[in-house]
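Enquirer: Each chain, written out:
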Amino acid sequence: MKIKSILIANRGEIAIRIIRTAKKMGISSFVIKTAKEPNAWYLEEADKIIDFSECSNDTPEFLDIERIIYHAKDQKVDAIHPGYGFLAENPDFARRCKDENIVFIGPSHDAIYRMGNKTIAKELAKKNKVPLLEGSTGTVSDPEQARQIANKVGYPVILKAVAGGGGRGMRVVEKEKDIERMFNLAANEAEKAFNNPAVFIEKFVREPRHIEFQILGDKHGNVVHLGERECSIQRKHQKLLEESPSPALDPALRKKMGDAAIRIAKSVNYYSAGTVEFLLDDQNNFSFMEMNTRIQVEHPVTEMVTGIDLIEQMIKIAEGQKLSFTQKDIKMNGWAIEWRINAEDVQSGFSPSLGTIEKISWPKSDHIRVDTGVRDGSVITPYYDSMIAKLIIHAETREKALQQSSIAIRKFWIKGTKTTLAFCRAVLQNRNFRKGKFNTSFLSKELKIHYQQEPDEELLAAFFAAYDYAREVQEHEDKPLYVEKSKEITPWLLNKRLR
Amino acid sequence: MAREAKKKKSTKLIALSSANKAYEFNKPLEKSIKYQGKKVDIKLREDPNGFSYIVWKNKKYMLDVIEKNQNRYTIMVNGVWHSFTVETPISLKRRRFLEHQGVTSSVVSIEAPMPGKIIDILVEDGSEVKEGESIIILEAMKMQNEISSHVTGVVKSISVKKNDSVMKDDVLIDIQKG
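Heads up: the sequence lines are chains A and B, in that order. Here the first sequence stands for residues 18 to 516, where the numbers follow this note's numbering. Here the second sequence stands for residues 2 to 179, where the numbers follow this note's numbering.
Here chain B stands alone, though its shape is the one from the complex (with noise of 0.2 Å):
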């Protein structure tokens, strides 16, 4: 039967937590899973009531889909909810790509960890910034401090300028992360 060649056809797909963790299934339709290196079959069951559930190590799951929206889903597992997005390979693949897209249009700001006085600025506009490179000195407390970046990127824009005096947390510089 048609049917039962589909069936057949029922490719890969990857549920991914909202913690990022990609669980995968080669053939969810053929209900078994891979578990700790064996193939084990799932037993999903449904009582006469209507509730759907999966024996497992001969205990009984109950499930429910609490929410579905496309590829969407809640799950609650004995009353616990789970969150996922199903993908396919290449979903997966497109999706994380934009994430990295997304990080890499988004803007961080550097914020003045204390109030101070700038004593020196050490880039420009424009100018490419590693990790953990120093970017401006700050006057505090008599000391002068290295404030430093904690991404990499191109500077996209300088607040301040020499002399100023900054209060905690003021932007300093806006780095667009690349």
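Here chain A stands alone, though its shape is the one from the complex (with noise of 0.2 Å):
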């Protein structure tokens, strides 16, 4: 069946990102405009805006199931996509879809479900000799099952709450003696945290790294993979930039790997993009974490080394077409990296930077790509992400990359809202990141300042504060100060009057 019309249930970068492929295969594109974000870019690029704007709905729009599906059939859309994040990975939206007769661009509802599931992903992954961590099945009722499981996927262990997130509940035991205490710690903290006490326990890897797989599979059993995207610069879980390959691999693991993926992928009957996930220790062990169901935010990096545009294979998957190139015709060529520049403020622990995008602007080049959903006016608003742009670089080699990394970060210039940039450049002068030895701890431990800074900076920054304060002065005075009892004075030159 031939897609002709798609409509985007997502918005901002990625909205435009998959309306870009759209038109390059001649498929007319439809958005969703809401009050949250009434002149955001997406909706120009777009053929046809579909106007949420009016509902009262408690339902925030892009998770709205019913409104999405009914405005799919008015219009007549023969394809939904969800992006990432909101319906990509909701199994009961992928069913909707298919009841209702339109194509879902994604994989079916049950490998949503299933690998959405922790308990049923790892028993697939064990079945399919996927490693994983090893470690309890299910939840751990007392301190002896903990300390017998403990015991025979040996130390350390970590203790998680099945309710769990943000690191509590959450207990690392090194050794014997403080499991039982240990124990107690994360189901009494997991209790008071999640209201519920259930943790079980999984072997502990230090300091591993994150590495992914992306993998693509069609309506025919054909599943490939698309090489790996090292994913380990994060905080709190949540990446900073990413790039493909990865430092860590050789050719031996990335096949080991890749082919794990690939074995996760199948038992599911796999088909679209999709991602797997896993932990890699120093000694080069991995292990299975999760599948990802839906296109990834840092898939650029992919693109860039493999030259295939994710978007259109997912959307020609869609179409029952066949894959039309075969694990051995994907090469990885060069090097990608994908520098997340988000509107927060690093040097108050990255917290969101919410406002206008009076300016921004960046270098053009062959070797740069750029995916954003902002430009000059923008606002960055409390209500989704705090995601300015993507910067991708791509060159022939890791060391090139960077070097050309650093170029483009330095002219990149954002004005109106405090960013991630500063912080961009503080990892690029890490003499360790350059080597490519990190880790997911590298936040933590290794990166010391979270921004990079040069001397003169401060005093630059003083002089423009004195000199901006001094024309005001001025441009005030050429007018007439003040009169009494004028509504002309401004709460500056009142405040100078009081001093």
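It should be emphasised that the hints constitute simulated quantities derived from the structure, not laboratory data. No false leads were slipped in.
In silico BS3-like cross-links for lysine-lysine, where the CA-CA straight-line distance does not exceed 27 Å: (1) B:Lys44 with A:Lys381; (2) B:Lys58 with A:Lys376; (3) A:Lys428 with B:Lys69; (4) B:Lys61 with A:Lys417; (5) B:Lys32 with A:Lys428; (6) A:Lys376 with B:Lys61; (7) A:Lys376 with B:Lys69.
What follows is a list of derived Cβ distance ranges for each label pair: (8) A:Asp109 with B:Lys58: 57 to 63 Å; (9) B:Lys162 with A:Asn201: 38 to 44 Å; (10) B:Lys58 with A:Asp326: 40 to 46 Å; (11) A:Asp299 with B:Pro90: 57 to 63 Å; (12) A:Asp299 with B:Ser158: 55 to 61 Å; (13) B:Gln177 with A:Glu471: 43 to 49 Å; (14) B:Arg97 with A:Asn56: 46 to 52 Å; (15) B:Lys58 with A:Leu371: 30 to 36 Å; (16) B:Lys131 with A:Glu197: 51 to 57 Å; (17) A:Ile424 with B:Asn50: 15 to 21 Å; (18) B:Gln177 with A:Asp298: 55 to 61 Å; (19) A:Asn302 with B:Lys58: 48 to 54 Å; (20) A:Ile424 with B:Arg97: 40 to 46 Å.
Source: prediction; values computed, not measured. Virtual Cβ for every residue (Gly too), placed ideally from N, Cα, C.
If you follow the hints, you should be able to join the two separate chains into one complex; please do so.
Expert: Laid out in structure tokens, this is it:
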């Protein structure tokens, strides 16, 4: 079935990214307009806008399954692309699309469901001989059971709250003598934090790397991998930059991990684009973490090194087409790095920095790709994530990619909001990062200062503050200062007077 | 022109950083600063797209005013922000004076560094104490410890009496700093 129109159930840069490929393929695109971002750029890029801004539903627009389905049918669109986040990994949404004869551009609802359930996913991994962290099957009921499992898998182990998240209800146990105490601590903490004392136990990997494999599968049982992405540079499980390939992998390990990823995908008859995430320890032992059944934020690095348009593949697969290439056709060419530029205040613990992007500009070149949903005047709202843009650099080698990253980041200018650009520069200056020697503890242990700054910058900032102030004083002195009861008194003038 | 005349009249301003570092600029509108004892021109530029920057030692420093509220500024240079208050010599003097006043009006609590028993109180309400002066004897772990004041001032209130038992961090004496 040929797809002629797509409703994109998403916003921002990923909506624009999908529209770009749709245009290339001669497919018309529909997007959803919300009251939260009535002037967003993605709206202008689409062929047609479906207006949700009048809707006074409690369900956020991009999560409103029935409304989206209704409009898709009303507009007679052939297919829906969910992008990432929102409904992308909601099996009910995929099923509803199927029920209504709308093509869901993604995997089957069954694959989404099975990979979304941690217990089922782990069982599938085990059944398919994919290494995974040893530990309890299900929850651990008492300290004695914890002790038995820990002795079997070997220390250190980690106790995790089943209902957990955000590091609470988690305890690393180094020695057997601590297991009882730690079990009680973890269970108590889990009880307090989540109202559920259930914990499970797992082998603890010290300072692992986070490596993920891009998968493509069609509806005819063909599955290939498109190499890995190195995603170890994270803060509180939020990725800050990604690269492909990873400095940690050689062809043999790549093949081993890639094959494991394919086995996982095949175990659920996976089709469309997907990502299998692994932890890699310092001895190059990998273990399965989870599978993301959607397009990822960091997909561009894979596109740059393989030359394959993943969104195009997703659409073709959804149409029922066979993959036009096999594993041996896929070559990784050069090195790509994606820098996430977020509206965040790195100097205040990466807190979101809302506001208007007054101006944004970046250098243009063949090896630079920028995926963004903002332009001059765009607003960073509290409703969605803080991502401003993804700066993707592609070069022949990692060294060159880093070099060109340095130049491009220096010429990436954003006016109006605080950004993570100075963080990117700090990472680039770190020696171990440059050597490719890092893991998920990079931010907490290795990078002491999270932003890069030069000696005279404070002086120049001080000068500019004084200069701007002097200029304002002068402008106001050119006007009549203040008259009794004048309404022209500005607060700053009043302030000056009070002084 | 009157405007030109006024430009020349521009006076000294001080940008005070959040770490209390004072940057003095004699005539900021003339775009020159004193740097390592020498007068250096500041090349303040704006590119066609509206980005402001300073050329300094042959390098570009991108500028952005992130926040501006009366004399309080947050300026971003190459993506790193710095906060200042811009003061005139007079306002700075007053500010420093007020800060000093602020300090004198504040009350500092002397707390028990460990649990124990009050053996003796060496001061009374209204006593003047100097920094480092012993004010209380606290018995803990069978040893008598002299608790001294870490500020200079006047005893405002005494919260314990002889033979009281105290816990760690209990307030013993409040001192009005001076």
